[in-house]
Amino acid sequence: MRDALLIFRKDVRHLWPRILIVLAIAALEGLLNAAAPAGNPLQLSVVWLWGFSCVYLTASAIQEESLPGDNQYWLTRPFSRRGLLMAKVLLLAVFASAPRMVVQAVALRLNGVSPLRYASVLFATGVFSLAIGLAAAALAAVTENLMQFLWVLLPIAAVEILSLMYGGREIGQNNVAWIRSSALGALIVAASIAILIVQYSRRKTFVSAGILAGTLAMAAMVPLLVTWHAAFALQSKLGRAIGPASMRISFEPSGPAGNYTAEYGRTLEGIDLPIRITGIPAGTRAVSERVATTIEAPGGKTWSSGWTSTGAIANPNPLEDSHAIRADGAYRQHLYVDAEFYRAVKDAPVHLHASVAVTLLGERQSAPISARGRTGHLPGDGICGAGPGPFPSNVVVFCDWPGQAPARVYVQARSLKNGQTLESLLLPAGPYAPYPTDGSMWSGAETMFTAPPEPVEMKLETWRAIGHFERELDIPQIRLSDYAVRRITDPN
Amino acid sequence: MTCAIRTNGLTKKFRRTPVLEGLDMEVPNGSIYGLVGTNGAGKTTTIKILMNIFPPTGGHSEVLDVDSRRLSPGQFAQIGYVSENQEMPGWMTVGYFLNYLSHFYPTWDRALAAELVRQFQLPLDRKLRQLSHGMRMKAALASSLAYRPKLMVLDEPFTGLDALVRDELIEGFLPRAENTTIFISSHDLTEIESFASHIGYLDRGRLQFSEELDTLSGRFREIVVTFDAAPQLPREWPANWLQQEAGGAVVRFIETRFDQERTAVDVHRFFPGCRDMVVSAMPLRSIFVTLAKAGRTAD
Chain A
1 MRDALLIFRK
11 DVRHLWPRIL
21 IVLAIAALEG
31 LLNAAAPAGN
41 PLQLSVVWLW
51 GFSCVYLTAS
61 AIQEESLPGD
71 NQYWLTRPFS
81 RRGLLMAKVL
91 LLAVFASAPR
101 MVVQAVALRL
111 NGVSPLRYAS
121 VLFATGVFSL
131 AIGLAAAALA
141 AVTENLMQFL
151 WVLLPIAAVE
161 ILSLMYGGRE
171 IGQNNVAWIR
181 SSALGALIVA
191 ASIAILIVQY
201 SRRKTFVSAG
211 ILAGTLAMAA
221 MVPLLVTWHA
231 AFALQSKLGR
241 AIGPASMRIS
251 FEPSGPAGNY
261 TAEYGRTLEG
271 IDLPIRITGI
281 PAGTRAVSER
291 VATTIEAPGG
301 KTWSSGWTST
311 GAIANPNPLE
321 DSHAIRADGA
331 YRQHLYVDAE
341 FYRAVKDAPV
351 HLHASVAVTL
361 LGERQSAPIS
371 ARGRTGHLPG
381 DGICGAGPGP
391 FPSNVVVFCD
401 WPGQAPARVY
411 VQARSLKNGQ
421 TLESLLLPAG
431 PYAPYPTDGS
441 MWSGAETMFT
451 APPEPVEMKL
461 ETWRAIGHFE
471 RELDIPQIRL
481 SDYAVRRITD
491 PN
Chain B
1 MTCAIRTNGL
11 TKKFRRTPVL
21 EGLDMEVPNG
31 SIYGLVGTNG
41 AGKTTTIKIL
51 MNIFPPTGGH
61 SEVLDVDSRR
71 LSPGQFAQIG
81 YVSENQEMPG
91 WMTVGYFLNY
101 LSHFYPTWDR
111 ALAAELVRQF
121 QLPLDRKLRQ
131 LSHGMRMKAA
141 LASSLAYRPK
151 LMVLDEPFTG
161 LDALVRDELI
171 EGFLPRAENT
181 TIFISSHDLT
191 EIESFASHIG
201 YLDRGRLQFS
211 EELDTLSGRF
221 REIVVTFDAA
231 PQLPREWPAN
241 WLQQEAGGAV
251 VRFIETRFDQ
261 ERTAVDVHRF
271 FPGCRDMVVS
281 AMPLRSIFVT
291 LAKAGRTAD
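As you go down the protein sequences, you meet chains A and B in turn. Taking this note's numbering, I'd label the letters of the first sequence as residues 1 to 492. Taking this note's numbering, I'd label the letters of the second sequence as residues 1 to 299.
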């Protein structure tokens with residue numbers, strides 16, 4: 001420990017300008033969050049900036065006594081390797097993780113939120129900082145200097161971005177993407193620890209570089225291995241309540257005729273099926289996440305969509321959240337079928353099977369918010385700001401929550417003049433993550449809508465996800481052309 | 001412990017290139033052992049294996065009775081290592097560097113450190129990166145002598161230094177290393193000769209000999225034999241006669257196993273008509289050149 005403190009003191013003496021940068025950015029983030037977390041456009045940029053400064057500091061600290069090479073003075077000095085590693089971890093903890101946690105705690109307090117209530121989220125931000133530091137430390141431990149560090153970092157970043165872009169096709173920005181992020185994070189942290197142990201105990205850079213390369217290959221595979229459906233299945237196991245056995249989706253051929261029109265690409269054909277949903281528990285509502293459709297046509301022709309967000313259970317009420325299933329009743333199941341397949345089988349009786357992934361929302365809370373200006377102490381310790389939008393009679397509402405935002409948030413605006421009520425969903429409709437995965441302390445959402453005639457009273461309504469499950473819709477015989485969605489641009 | 005350093009069948013390969021091949025070497029306690037050899041002979045590799053910077057490919061080495069692969073801070077606190085291309089923390093001032101290191105050595109002698117600083121005329125407030133190569137070597141040496149190490153390992157410490165700085169370095173460390181074993185690799189044979197007690201000659205990864213300098217100097221002699229007329233040269237020369245040259249009535253060679261009586265007998269046996277024989281002692285540099293040339297001729 002004595003060695004660690006001596007090396008730590010030496011590092012602080014040399015790296016103080018870099019330490020000051022990290023501390024200043026953490027302070028700036030805290031200041032921004034303290035002043036106005038809601039609708040703060042700089043929040044994420046500052047988190048990224050802090051991340052970069054933290055990586056720079058960590059790499060510099062590790063390379064004070066660089067591990068690869070054979071000419072470093074310290075190799076033949078009585079420095080214990082354990083003390084050396086401890087000194088670096090101490091530097092990271094004292095000047096990166098801890099100050100950020102403290103600053104965030106102060107920002108929470110200044111926003112009237114008890115930091116103790118969000119201790120787990122504060123801890124998560126600390127772990128996030130440490131994870132960034134560990135990854136940077138591992139990379140710095142296999143490179144001799146900052147230039148080499150950058151040359152290794154850049155291709156890694158390129159590979160990861162490509163993998164995210166490719167993986168994005170499958171999993172996209174969605175509410176269960178945190179599972180993939182967490183898997184990736186766990187992989188990176190585990191590999192970083194392994195590399196640091198190998199380097200500080202044996203200085204086997206070749207072995208460490210092998211671990212690094214293997215980790216990169218596995219990291220590139222994560223988006224392909226953790227598919228959306230796998231993530232959703234895990235999410236449903238983690239949910240507090242498995243979906244109610246009572247909820248059913250059934251085809252209702254006698255239901256109201258669809259008059260749904262839409263505009264979409266020529267490679268797909270839309271199908272609008274009348275369905276009935278029953279068994280929604282009182283005080284809850286559901287949203288359909290994705291659908292997987294399989295169509296079997298006579299002659300053995302089969303087409304499957306895979307799990308896709310193109311298609312959902314739609315709420316026919318245009319003034320409400322179009323994806324919300326509020327209660328038992330008639331709804332529409334929208335599906336999109338490959339246009340070529342559709343043309344080949346549209347008039348034939350086909351067997352259609354759709355698996356629908358559904359999230360059940362509950363624990364509704366609501367509170368009034370000011371139509372202009374800031375409102376605090378909202379459900380979930382939220383803070384909202386409202387103001388005029390870019391167009392006349394537009395209203396913009398932006399809200400932030402410490403930690404994770406509620407799964408779904410609405411603003412309900414009611415005209416006191418004529419009683420007209422409008423509901424607007426705040427986006428992004430939160431991920432179902434138990435902690436923020438981007439290193440932020442706050443997560444936000446916003447909406448812009450045309451307000452009903454003034455004066456207006458506004459209310460914020462929040463819902464938590466309480467269960468995730470799948471339901472099946474099986475139609476043994478159906479003629480697709482009977483339910484085709486008409487394109488807006490199609491001639492009548 | 002009779003040897004500060006001992007190697008046994010030490011081998012090292014970089015990928016498929018052998019650099020050391022079965023090195024057996026013993027450095028007696030209290031000796032000043034000079035490891036000499038041409039560029040690429042394996043001197044630095046040997047030292048880096050001894051200092052646990054490189055792992056050996058095979059064989060075994062011990063430093064201060066500890067397997068060199070297991071050298072710990074406890075042993076490094078008793079070893080001073082100075083190398084010509086050592087990377088120093090350039091941002092540190094000389095003063096901070098010495099003070100920083102002092103905390104890691106239980107035997108650090110502040111008075112001795114101050115004396116070394118004075119003797120080497122080290123500017124305490126100057127950053128290491130601002131020092132000349134010579135001054136940096138002096139700083140490295142001062143930082144390695146101040147704790148009175150049991151073993152000093154010096155890898156080409158005189159390379160790139162002018163004669164004055166060389167002398168200052170030698171004068172600086174020799175008197176302070178009375179109870180220290182010194183293991184030094186160098187090209188600078190003239191300097192080595194002035195203070196080494198033992199010499200090892202490394203050639204392409206093999207130790208050609210390792211012995212006391214006096215013994216070595218005693219067995220190498222330049223022999224000049226004169227005749228009345230050009231002599232008949234032997235078809236096969238003795239293996240211990242190197243660099244044979246003949247010109248007119250004179251034959252010259254290097255005897256590598258000189259013995260007053262035996263050499264005289266051998267000369268008369270090979271050259272029965274010789275008129276005179278002159279025997280000259282050789283400086284280490286000439287011995288080294290002779291061996292190096294002999295090695296190349298053998299190829």
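Just so you know, the hints here were simulated from the structure itself, not pulled from any lab data. The beta carbon of each residue, even a glycine, is placed where N, CA and C say it ideally should be. Treat the hints with care, as some may be off.
A few chain B residues facing chain A, derived, Cβ under 7 Å [unchecked claim]: (1) Ala77; (2) Trp91; (3) Ser102; (4) His103; (5) Pro106; (6) Trp108; (7) Phe195; (8) Val279.
Agreement of hint B/Pro106 with chain A interface, Cβ distance less than 7 Å: At about 9 Å, which exceeds the 7 Å cut-off, the nearest Cβ of chain A leaves the hint on B/Pro106 violated.
Residue hint B/His103, partner chain A, criterion CB-CB below 7 Å: Cβ of B/His103 sits 5 Å from chain A, so the hint holds.
Evaluation of the interface hint that places B/Phe195 against chain A, nearest CB under 7 Å: With a minimum Cβ separation of about 22 Å from chain A (threshold 7 Å), the hint on B/Phe195 is violated.
Interface hint outcome for B/Val279 [beta carbon to chain A under 7 Å]: With a closest approach of 44 Å, the B/Val279 hint is violated.
Given hint B/Ala77 near chain A, where the shortest CB pair must fall under 7 Å: Status holds, d = 4 Å.
Given hint B/Trp108 near chain A, where the shortest CB pair must fall under 7 Å: violated, 11 Å
Hint validity - B/Ser102 Cβ closer than 7 Å to any chain A Cβ: Hint violated; B/Ser102 Cβ to chain A Cβ min 10 Å, cut 7 Å.
Hinted contact B/Trp91 with chain A - closest CB pair below 7 Å: With a minimum Cβ separation of about 6 Å from chain A (threshold 7 Å), the hint on B/Trp91 holds.
Comparing the model with each numbered hint stated earlier shows that hints 3, 5, 6, 7 and 8 do not hold.
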